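Asker: Take these sequences, add in the hints, and give me the full structure.
Protein chains in written order, with my numbering: chain A, 1 to 297; chain B, 298 to 661; chain C, 662 to 1069.
Please keep in mind that the hints were generated in silico from the structure rather than gathered at the bench. Since the structure is predicted, the reported quantities are computational estimates derived from the model, not experimental observations. It is possible that some hints are incorrect.
[Unchecked claim] Derived Cβ-Cβ restraints for the label pairs, each shown as a range:
{"hint": "1", "chain 1": "C", "residue 1": "860", "chain 2": "B", "residue 2": "457", "range": "55 to 61 angstroms"}
{"hint": "2", "chain 1": "B", "residue 1": "507", "chain 2": "A", "residue 2": "157", "range": "31 to 37 angstroms"}
{"hint": "3", "chain 1": "A", "residue 1": "88", "chain 2": "C", "residue 2": "881", "range": "54 to 60 angstroms"}
{"hint": "4", "chain 1": "B", "residue 1": "408", "chain 2": "C", "residue 2": "970", "range": "54 to 60 angstroms"}
{"hint": "5", "chain 1": "A", "residue 1": "157", "chain 2": "C", "residue 2": "970", "range": "26 to 32 angstroms"}
{"hint": "6", "chain 1": "B", "residue 1": "407", "chain 2": "C", "residue 2": "1031", "range": "38 to 44 angstroms"}
{"hint": "7", "chain 1": "B", "residue 1": "322", "chain 2": "C", "residue 2": "1006", "range": "54 to 60 angstroms"}
{"hint": "8", "chain 1": "A", "residue 1": "188", "chain 2": "B", "residue 2": "311", "range": "53 to 59 angstroms"}
{"hint": "9", "chain 1": "A", "residue 1": "123", "chain 2": "B", "residue 2": "608", "range": "57 to 63 angstroms"}
{"hint": "10", "chain 1": "A", "residue 1": "292", "chain 2": "B", "residue 2": "327", "range": "52 to 58 angstroms"}
{"hint": "11", "chain 1": "A", "residue 1": "161", "chain 2": "C", "residue 2": "1052", "range": "54 to 60 angstroms"}
{"hint": "12", "chain 1": "A", "residue 1": "292", "chain 2": "B", "residue 2": "457", "range": "35 to 41 angstroms"}
{"hint": "13", "chain 1": "A", "residue 1": "63", "chain 2": "C", "residue 2": "691", "range": "40 to 46 angstroms"}
Virtual Cβ for every residue (Gly too), placed ideally from N, Cα, C.
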Amino acid sequence: MSYFFQIVVSGIVVGSIYALAALGLVLVYKSSRVANFAHGQIIAAGAFITFFLTVRVGVPIFLAFLASMIITFFLAMSVERIFLRRLIGEPIISVIMVTIGLASIIDGLIYLTPFGSENFSFPAFLPEDSLSLGGVSISWTQLVGLMITTLLIGAFSWFFKKSTVGISMRAVSDDQFGAMSVGISVPRVFGLAWATAGLSAAAAGCIIGNITGLNFETLHAFGIVVFPVVILGGLDSILGAVVAGIIMGLIQQFAGGYLDGNFGLHGTGNVMPYIILLIILLFKPHGLFGIHEIERV
Amino acid sequence: MSVNTWLATGNFNTTYRQEQKTFVTSLDRSIFTLFLLTLFAWPVFFPISQKYMLVVDNILVAIVAVMGLNLLLGFAGLISIGHAAFIGIGAYTVASFSRTLGDSHVIVTHFWPVLILLAGFMGALFGAIVGLPALRLKHLYLAIATLSFQMIFQWVINFMSFFNQGQTIYVGRVFWFTGEIGRNQHYMFWYYIILTLVVLMGFGVRNLLKTRYGRSLVAVRDNDRAADAMGMNPGLTKVYAFALAGFFAGVAGALHAYLYRGIGFESFTLHQSVGYLAMAIVGGLGTLNGSFWGPVAIKYLDIQMEHLAEFAGHYMVQASNLSTALKPLSFGLVIVLFLMFEPRGIANWWRIAKSYTKLWPFRY
Amino acid sequence: MKSKKALLFNTLLVFAVVFAFTLPAQAGGKAYKMGLSLAITGPTSDAGNPYAKGAEDWFKYVNDTKMLGEDTIDCTIKDDQYENDTTKRFFEQFVDDGIVLFLSYATGANLALKRDFEEIQIPVVPASYHEGLIVDAKYTFMPVATYSENIVGLAEYVVENHKDGGVPKVAFFIHPSAFGRGPLEDTQKAVAAGLKMEIVEVVEHGKDLDNSAMLQRLISKGVQYVLCHSVQSPVATMLTDAQRLGLAAKTFGEKGKLTFLGAHYTGGNDLIALAGAATEGFFWACSYNLTSENNEGAKKQLDLAKKYGRDDKAANSHNYGAGILAAQIATEAVKMAKAAKLEVNRENLYKMLNDMKFDSFVAAGPVTLSKTERIGVDVLNIYVAEGGKFKKIKSVESEFIKKVRAGR
Chain A
1 MSYFFQIVVS GIVVGSIYAL AALGLVLVYK SSRVANFAHG QIIAAGAFIT
51 FFLTVRVGVP IFLAFLASMI ITFFLAMSVE RIFLRRLIGE PIISVIMVTI
101 GLASIIDGLI YLTPFGSENF SFPAFLPEDS LSLGGVSISW TQLVGLMITT
151 LLIGAFSWFF KKSTVGISMR AVSDDQFGAM SVGISVPRVF GLAWATAGLS
201 AAAAGCIIGN ITGLNFETLH AFGIVVFPVV ILGGLDSILG AVVAGIIMGL
251 IQQFAGGYLD GNFGLHGTGN VMPYIILLII LLFKPHGLFG IHEIERV
Chain B
298 MSVNTWLATG NFNTTYRQEQ KTFVTSLDRS IFTLFLLTLF AWPVFFPISQ
348 KYMLVVDNIL VAIVAVMGLN LLLGFAGLIS IGHAAFIGIG AYTVASFSRT
398 LGDSHVIVTH FWPVLILLAG FMGALFGAIV GLPALRLKHL YLAIATLSFQ
448 MIFQWVINFM SFFNQGQTIY VGRVFWFTGE IGRNQHYMFW YYIILTLVVL
498 MGFGVRNLLK TRYGRSLVAV RDNDRAADAM GMNPGLTKVY AFALAGFFAG
548 VAGALHAYLY RGIGFESFTL HQSVGYLAMA IVGGLGTLNG SFWGPVAIKY
598 LDIQMEHLAE FAGHYMVQAS NLSTALKPLS FGLVIVLFLM FEPRGIANWW
648 RIAKSYTKLW PFRY
Chain C
662 MKSKKALLFN TLLVFAVVFA FTLPAQAGGK AYKMGLSLAI TGPTSDAGNP
712 YAKGAEDWFK YVNDTKMLGE DTIDCTIKDD QYENDTTKRF FEQFVDDGIV
762 LFLSYATGAN LALKRDFEEI QIPVVPASYH EGLIVDAKYT FMPVATYSEN
812 IVGLAEYVVE NHKDGGVPKV AFFIHPSAFG RGPLEDTQKA VAAGLKMEIV
862 EVVEHGKDLD NSAMLQRLIS KGVQYVLCHS VQSPVATMLT DAQRLGLAAK
912 TFGEKGKLTF LGAHYTGGND LIALAGAATE GFFWACSYNL TSENNEGAKK
962 QLDLAKKYGR DDKAANSHNY GAGILAAQIA TEAVKMAKAA KLEVNRENLY
1012 KMLNDMKFDS FVAAGPVTLS KTERIGVDVL NIYVAEGGKF KKIKSVESEF
1062 IKKVRAGR
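Answerer: So this is what it looks like as C-alpha cells:
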C-alpha cells in the first residue's frame, strides 16, 4: 500500500514541477495567444545562468536563483520586444514558427558556451537525505520545488486577480481592442507576460536542473514535455496548468509503476500523456479549463 | 484575354476555360517545357559528384513532402507538427514489406512503383485518422494533437520489434528494365524517378487548386463557418486535407526509403517535422512554387553553413564551439527573419521578379 | 519596411559570397585522406565533442611529430548533429574525396551505412560500440569491447562477487531504444547459456523527475543489483534518488540495498558532474584508461591535451581518449602499410587491420584485431566511484559474451 502512496506522492510532486514549467507557457498564451516552443530553451538558460552565477562567480545559490529569475525576466522581455512584437496580428502558424526559430537560435547561442555539450550539477545546498513519512518519501529538492511552485502560482493568481497590471493583462487576453480603448498599452502587457514567463521558466529550470543535473538536451526537452500539460489544462488557465500538471505527473508515475513490465510494455510513462491527451481533446477540445471561444463569421 | 498578349492591358478572361488554363500564353508553355527539358538533361551533360547528387535527390524528396505540407498548412490552414511522422508512415510501409518478405524480394526490388503508391495511400489513411481530431480541434490545440501523433509514432517504432525497434531496416537495390541499379547509377536513377514524380505531383496540385476540391480547402482556411454556410462540409474537407498531405508525405517516405536504401526512425523525428515546417514557410505558404523554393533554400543554407563552419574552424581552432553553433543559429535566424520581414516567403520574391521582367522596361 | 527588406537581401547575398570561398588543402609529402563524421552539437554531443577533439589532436600530433615521415594524415571532421541522413551525405562526400578509412560515430548511422561500407569495401572505425555493428559486417572494426560485452562482463562480475549465497537478483535500467535493449538481450542469452543470475525486472526510463516508486519496487522484489545501459543524465537522476532514499549500497552487494553498475556511456566524469556525491559506489565498465588513474598512459593523454591547448574537462574525459584510440588505430594501419611497402589505400588498410596488434596509452589493454576478431581492446576495466573519482578495481574479459556470439 505504501507503494501506492509513494506513487501518488511522487506523481503530485513531479506534477507540480510540471505545473511550474507549464506556467510560463500559460502566462504567454493567456495574454498574447502565442504558444512558445522556445520555452524549454529558456528553462535551460535559466538553469545555466544560476549555475554560472553560483559556481563561476561565487554568488550564494539563493541569490543566484533570484538573480537568474530577474535576468530571464528581462531576457524574455527583450525577446518579445525584438521578435514577437512585429508579429502581433499575424497568423498563428507564423507565431508558432517564430518561437521554433527562436528555440533554434537560443540552441545556437547555448552551443557557443560550454553549457551546450558538457554536463554539470548544482552544488549541494539542501540536505541529501529525504523526508520520510510511513514509507513514503520525498526529497528536500522536491519539497523546495513544491514550495516554490505553490508560492509562484499563488503569487501569479493573486497578481491576476487583484493587481492593476494583472487585471489589465486579463483585459488584454479578453479583448485586445476593448483593452486598448480603455487606455491599456497592449504591447507593454505582452512584454510583461513574456517577462513573467521567463521568470517562472528560470525557477523551473533551477528545480529541474537540481533533480536531473545540468544537461542541455535533458533540460530543453521539458519545453516539449509540458505541452500536453498546458493543452490538457486549457491553454489560458493557471488553475488548469496546476491541475493538469498533477494529473500528468500521476499518469506518468502510474503508467511507469503499474503498466511497465506487465503486458510486455516498457517506457509507457513517456507516451501515456500524449495518448490521454488525444483522448481528452476529442471530448473537450479546449482542455479541462480552457475558455471556449465563440467564433463569428 | 485578347489574342495578342502584348496589347493586353491586364489579365482578363472571357470564358471559364481560359481561367482554367495552366499556361496563359504559348510563350509560357514553351519556357516551361524548356525548363523541364533542362532539368532532365543537365545531369547528362554536367555530371556531378555522388554527394551533390544525393543532396539534389534529397531536396527533391523534401519537395514532395513539402508540397503535401503546403497543401495542408498553406491552403487548408491546418497546422501539423507531425509531418515527419507521416513521411515515416510511408517509409515504414516499404520497410514492413522488406521486413516480412526479405529486403531483396522481387516485390521490393521490382515492383517499387507499386510500393511507392501504396506508401502514399498508407500515408493518406493515417493522415485521415490523425485528421479526425480536426473535426473538433482548432489552431494550437490541433497543432498539439499532431505533435501527439508524432510522439506516439516515435514510441511505436522504437518499441515494436517488427520495426526493428527503430534500427535500420534495409531495402535492396531496385531493378529497372536495364537490370539492377548499381551504386554508381543509384542517385542518378532516383533523380529521374523523383523528378518525374515531382513534376506529376506538381501538376496534380496545380490542377487540384482549380477544382472545387482545391478551392474548398482555401475556403475552409479563410473561414470555415462561412464555408459551411456556402454548402461545403468543413469537417470533411479538413480530414481530406490531412489525407492529401498524408499521401504526399507517404510517397516522400517511400522515396526516402529507396534513396537511402534503409529506414531508421531517426529520419522521422520531431526535429525533422520542424525542418519541413521551416521549408514550407521559407518557401512561401499557400503557393505551389514555394514548395520548391523552401527545400532548396534550407538545404542550401545547411550545406553552406557547414562550409562556413569548416572555414572558420581552420582559422580559429579553439573556437570549434563557435563554428558548430552556426548551424542551429543560422537555421533559426532564417526562419525568424523570413517571418518578420518576408512572411510570404521566397515565392514572393519570385512573384516580384516575374512581374518585373514581364513589364520590363516599364515599371508599375 | 522596404529598406529592411533590402538589408535582409543584402545580408543573404554577403553570406552567399562568403561561402563561395573554400579552403585549399595543404601540400607536403603524401596526404592520406580520412573522414570523421560525428555529433559535435545536438544529441550526445557531450560525448561527441571531446571525441572529436581527441581524434583531431592525435592526427595533428602524428603530422607534427612526423610519425609517418613526410606523409601526413588529412582527416576531415564534420558535425552531423546525430542525424543519419547528414552522416550519409558526409560519407558520400568523403568517398568522393577518396578517403582510405572512415571514422564514424552513431549506432543508427553505422547501421544505416553498413551496406555501403561492404559495397565500397572501406574500413570503418566506429565510436558506437553496439554489438549489431559487427554482425555480418566485414569492414567494421570496433576499437573496444561492445556495450553487450560491458554489460555481460559486469553481470559476470556480479555473479562472481555475490556473497550472500543464492542467485543474485538483478534489474535492468535501460534507454528506451534499441541502443538500450541490445545488451539486455545479450545478457538474457548469457543467462540462458548458464550465467547464474535472475533478471527480475527491466525498467525503460523516460524523462523521469522522480524514481522513488521504481526504486522501492525493486527493493521489494528483492533486487540487489541494477545494471544500467543508457546515457548519463537519467542514471544520474536515479542515483540521486537512490542516495536520498538510503537505498544505495555503500559496499558491493550490500544486503537490502541496491548496487548500481553501468556500461560505457553511463559513467565517466560526466556522471560525476551530473550526480555529484550520489555517484559514490557506482560500478562502471569501460575499456579506457582514465586520467584519474594517474599512470603513464594518463600522463601521455594529459600531455597531448596540453600540447594542443585543450581544457581540463576535455583532457580528462574518457571520450577524449576514445577519439585518440580511433585515430591511433587508423594511424597504426597506415604505419603498417607503409612498413610493408604497400600503397596506402582501402584494400591494404583493410588487410593491415585484419592483423593488428599494438598498445595504446588510452586503452585498458592491447588492441588486437584479426580476421576472426573485430574488437580491438577486449579488456574491460571495472571502475568504482570513490571520493569523486573513478578508481580501477580490476581488469576483466567477458567469457559469456563468446558463448552469446557463438550462438548468433
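Asker: Lying within 55 to 61 angstroms: is that true of the beta-carbon distance residue 860/C to residue 457/B?
Answerer: violated, 21 angstroms
Asker: Would you say the C-beta atoms of residue 292/A and residue 457/B sit inside 35 to 41 angstroms of each other?
Answerer: holds, 38 angstroms
Asker: Verify the CB-CB distance for residue 157/A and residue 970/C against the hinted window 26 to 32 angstroms.
Answerer: violated, 53 angstroms
Asker: Do the beta carbons of residue 161/A and residue 1052/C sit within 54 to 60 angstroms of each other?
Answerer: Since the Cβ atoms of residue 161/A and residue 1052/C sit about 58 angstroms apart, the hinted range of 54 to 60 angstroms holds.
Asker: Mind checking the hinted window 38 to 44 angstroms against the Cβ distance between residue 407/B and residue 1031/C?
Answerer: holds, 40 angstroms
Asker: If I claimed the Cβ atoms of residue 408/B and residue 970/C lie 54 to 60 angstroms apart, would that claim hold in this structure?
Answerer: holds, 58 angstroms
Asker: Per the hint of 53 to 59 angstroms, is the separation of the Cβ atoms of residue 188/A and residue 311/B within bounds?
Answerer: holds, 55 angstroms
Asker: Hint says 54 to 60 angstroms; check whether the CB-CB distance for residue 88/A and residue 881/C agrees.
Answerer: With a Cβ separation near 56 angstroms, residue 88/A and residue 881/C satisfy 54 to 60 angstroms, so the hint holds.
Asker: Assuming the hint says 40 to 46 angstroms, is it satisfied by the Cβ distance from residue 63/A to residue 691/C or not?
Answerer: violated, 60 angstroms
Asker: Kindly confirm whether 31 to 37 angstroms is satisfied by the beta carbon distance between residue 507/B and residue 157/A.
Answerer: Taking Cβ atoms as reference, residue 507/B and residue 157/A lie about 54 angstroms apart, which means the hint is violated.
Asker: Is 54 to 60 angstroms respected by the C-beta to C-beta distance linking residue 322/B and residue 1006/C?
Answerer: holds, 58 angstroms
Asker: Is the hinted range of 52 to 58 angstroms satisfied by the C-beta distance from residue 292/A to residue 327/B?
Answerer: Holds: the Cβ-Cβ distance is about 55 angstroms, inside 52 to 58 angstroms.
Violation of the numbered hints given earlier is confined to hints 1, 2, 5, 9, 13; the remaining hints are satisfied by the structure.
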